[in-house]
Amino acid sequence: MRPFWKGAISFGLVNVPVKLYAATEEHDIRFTYLHARCKTPVQYHKYCPICATDVTQEEIVRGYEYEKGKYVVLQEEDLEAISPEASRSIDIIDFVDLKEIDPIYFVKAYYLAPAEMGQKAYVLLKQAMEETGRIAVARVSLRAKQSLAALRPSGKVLVMNTMLYPDEVRSAAELPELAAEVKLHQNEVEMAVRLIESLAAAFDPSKYTNEYRAALLELIEAKIAGQEVEVPAKPEPGKVVDLMEALKKSIELAKKEKGAVEAGEGEKEPPRRKTS
Amino acid sequence: MSEPEFSHLTKVFWPEGLTKYHLIKYYSDAAGLILPYLKHRPLVMKRYPDGIGGDFFYQKECPAYAPAWVETFPVYHADSRKTVNYILGNNVETLTWLANQGCIEMHAWLSRVEHLEYPDIGVVDLDPAPGVGFADVLEIAALAHQALEEFGLKGFPKTSGATGLHVFLPLPPRWTFKEVTAAMGRLARFIVAVHPKKASIERQLAKRHGKVYLDYLQNARGRSMVSPYSLRALPGAPVSAPLTWEEVLAKDVRPQDFNIHTLLQRVETHGDLYAGLRKTTNDLEPLLELVE
Numbered sequence: 001m002r003p004f005w006k007g008a009i010s011f012g013l014v015n016v017p018v019k020l021y022a023a024t025e026e027h028d029i030r031f032t033y034l035h036a037r038c039k040t041p042v043q044y045h046k047y048c049p050i051c052a053t054d055v056t057q058e059e060i061v062r063g064y065e066y067e068k069g070k071y072v073v074l075q076e077e078d079l080e081a082i083s084p085e086a087s088r089s090i091d092i093i094d095f096v097d098l099k100e101i102d103p104i105y106f107v108k109a110y111y112l113a114p115a116e117m118g119q120k121a122y123v124l125l126k127q128a129m130e131e132t133g134r135i136a137v138a139r140v141s142l143r144a145k146q147s148l149a150a151l152r153p154s155g156k157v158l159v160m161n162t163m164l165y166p167d168e169v170r171s172a173a174e175l176p177e178l179a180a181e182v183k184l185h186q187n188e189v190e191m192a193v194r195l196i197e198s199l200a201a202a203f204d205p206s207k208y209t210n211e212y213r214a215a216l217l218e219l220i221e222a223k224i225a226g227q228e229v230e231v232p233a234k235p236e237p238g239k240v241v242d243l244m245e246a247l248k249k250s251i252e253l254a255k256k257e258k259g260a261v262e263a264g265e266g267e268k269e270p271p272r273r274k275t276s
Numbered sequence: 277m278s279e280p281e282f283s284h285l286t287k288v289f290w291p292e293g294l295t296k297y298h299l300i301k302y303y304s305d306a307a308g309l310i311l312p313y314l315k316h317r318p319l320v321m322k323r324y325p326d327g328i329g330g331d332f333f334y335q336k337e338c339p340a341y342a343p344a345w346v347e348t349f350p351v352y353h354a355d356s357r358k359t360v361n362y363i364l365g366n367n368v369e370t371l372t373w374l375a376n377q378g379c380i381e382m383h384a385w386l387s388r389v390e391h392l393e394y395p396d397i398g399v400v401d402l403d404p405a406p407g408v409g410f411a412d413v414l415e416i417a418a419l420a421h422q423a424l425e426e427f428g429l430k431g432f433p434k435t436s437g438a439t440g441l442h443v444f445l446p447l448p449p450r451w452t453f454k455e456v457t458a459a460m461g462r463l464a465r466f467i468v469a470v471h472p473k474k475a476s477i478e479r480q481l482a483k484r485h486g487k488v489y490l491d492y493l494q495n496a497r498g499r500s501m502v503s504p505y506s507l508r509a510l511p512g513a514p515v516s517a518p519l520t521w522e523e524v525l526a527k528d529v530r531p532q533d534f535n536i537h538t539l540l541q542r543v544e545t546h547g548d549l550y551a552g553l554r555k556t557t558n559d560l561e562p563l564l565e566l567v568e
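First to last, the protein sequences are chains A and B.
Per the working numbering, numbering through the first sequence is continuous, rising by one, with the last residue being 276.
Per the working numbering, numbering through the second sequence is continuous, rising by one, with the last residue being 568.
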């Protein structure tokens, strides 16, 4: 693992130099979008419909749509002027009880490791948090984005979770389904509690595996082994043949109609529409 | 006749290292091939003084400084009320002189000065919208081939040298530009009607996004088409290369394969695939009868 950020935890007059590692990684199986007909990976183009041309990165500016179809353009300098200072510090604001934070606020987890000369201060902070049973709420700037974070000890390491701001969490009061009053009988509650207790177990993450991913990998392996492999191929002519027929027929029809009209022009009466 | 004089021969014209020398040499070597398709036709220069990476401009009027052996022909344009003295690509000296002027692409009228108002070529111009591949162009070309056949017309396909494909139809100089345009428009409508997903005659680019444009309006008076065997100002120095219908129908064509390096060799093995253009004559009447 490689740290992607170096800085310091700061609270009061104390500074704890730390390195930041991502604590999680995704194991999603990624698919490539292919053109169904020829199995070629499709390309994404940034396209301007007015200029009828592809647009390069240098030709792109950021716009904010303040009302339908109207944009203000924000230049790189504008954004830099208000971006949070790259303070390289994790500023602790409060120490709170972990139970007080609803997990809904947690976004992404990082490991904090002690940086050079920071070993002692790191262990000291961790142990003090363990003894008080409190975790730290801090403000941190990562990748030009300021976010809230929670720092907590977990075994030998300090874990930092970035957190949502309160206005990013929707209120459950907006769910209409929860408005109804429900009366429960004491017996029902007791039965449900007993059911839960019978399924109670210690949390063992190794028990849970991603079955869908395993099944998907198996399917892919089988397809490769069974030579059911798609490579970009030349389009089949089948559809074109049908179009050829359609083209022939429509031209024949046009010729016939023309012929019918001309035959009609020869007569004295106006041509009558064929009914057969 | 004085010899043409060449200048700045080491100037890079294609970033991959081809110079103005290569440009002039190509037109000198290919003169016998290309001249039959330029002779007696008003020619529009597409000049790139600084190679394909620099600015370009179209030039119709023959510059006053042109040598005496550059033949010209005056054409009156009613819309601008101006007479333009067009260059005629009548001889090899003119061709290499044009190349020395930085004229990479040779665009010519579809009529000859003997019958200026009566084109002797009709064109089916297949022009893919940005992002549309050559496979789609070939698919529409196959439909065009079928449609022409239904009317007993014989066309000659070629790559545009860029992203498109042209079919030239040799005509007796009997119909006006308006009539040829109408006939080619009718033909295009038959194709669009059966394959509207991929073929379009919409002039507005936004309305033919993802489709191949059948630009029948290229048959109008004053328009010019890139000549067979003309170079294109694109990377790889591609050439507008005549094709066989077999190649088109087999979808076995990659436009970039025909270029300044390969074209003459292809002609050695395949011959001039456009030679038949001068021996064929077509009758547009059956198609014109269906024009509303």
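Hints are supplied without guarantee of correctness; some may be wrong.
[Said to hold, decoys possible] Distance ranges between label pairs, derived from CB positions:
id	chain 1	residue 1	chain 2	residue 2	range
1	A	E168	B	H537	58 to 64 Å
2	B	K358	A	K258	37 to 43 Å
3	A	I220	B	P312	55 to 61 Å
4	A	E168	B	A411	43 to 49 Å
5	A	E59	B	L493	36 to 42 Å
6	A	A222	B	P472	21 to 27 Å
7	B	H284	A	H35	42 to 48 Å
8	B	H537	A	P41	25 to 31 Å
9	A	H27	B	E544	53 to 59 Å
10	B	Q532	A	E221	22 to 28 Å
11	B	Q532	A	H35	44 to 50 Å
12	B	Q532	A	E67	42 to 48 Å
13	B	L493	A	P41	51 to 57 Å
[Unchecked claim] Only some residues are given here: those of chain A computed to face chain B with a beta carbon under 7 Å:
id	residue
14	K46
15	P49
16	L243
17	S250
18	I251
19	A254
20	A260
Derived by calculation from the structure, the hints in this document are not laboratory data.
Even glycine gets a Cβ: it sits at the ideal position worked out from N, Cα and C.
query: CB of H284 (chain B) to CB of H35 (chain A), is that within 42 to 48 Å?
result: For H35 (chain A) against H284 (chain B), whose Cβ atoms are near 45 Å apart, the range 42 to 48 Å holds.
- request: For the range 58 to 64 Å, tell me whether the beta carbons of E168 (chain A) and H537 (chain B) fit it or not.
  value: Roughly 60 Å apart at Cβ, these two residues keep to the hinted range, so it holds.
query: Does the Cβ distance between A222 (chain A) and P472 (chain B) fall inside 21 to 27 Å?
result: violated (41 Å)
task: Look at the Cβ atoms of Q532 (chain B) and E67 (chain A) and judge whether their distance stays inside 42 to 48 Å.
output: holds (47 Å)
- prompt: Falls inside 53 to 59 Å, the C-beta gap from H27 (chain A) to E544 (chain B)?
  reply: 58 Å Cβ-Cβ, so the 53 to 59 Å window holds.
message: Under 7 Å is the threshold here; is the Cβ of A254 (chain A) close enough to any Cβ of chain B for the hint to stand?
response: Status holds, d = 5 Å.
query: So the hint says 36 to 42 Å: do the beta-carbon atoms of E59 (chain A) and L493 (chain B) match that?
result: Check failed, 30 Å falls outside 36 to 42 Å.
- prompt: Holds or violated: 55 to 61 Å for the Cβ distance of I220 (chain A) and P312 (chain B)?
  reply: holds (58 Å)
message: A closest beta-carbon separation below 7 Å is what the hint needs, so does S250 (chain A) meet it against chain B?
response: holds (6 Å)
- prompt: Do the Cβ positions of Q532 (chain B) and E221 (chain A) conform to the proposed distance bound of 22 to 28 Å?
  reply: For E221 (chain A) against Q532 (chain B), whose Cβ atoms are near 38 Å apart, the range 22 to 28 Å is violated.
query: If you take the shortest Cβ to Cβ gap from A260 (chain A) to chain B, is it below 7 Å?
result: violated (13 Å)
task: Go ahead and decide if the range 43 to 49 Å is satisfied by the Cβ distance of E168 (chain A) to A411 (chain B).
output: holds (47 Å)
In summary, the numbered hints that this structure violates are 5, 6, 10, 11, 13, 14 and 20.
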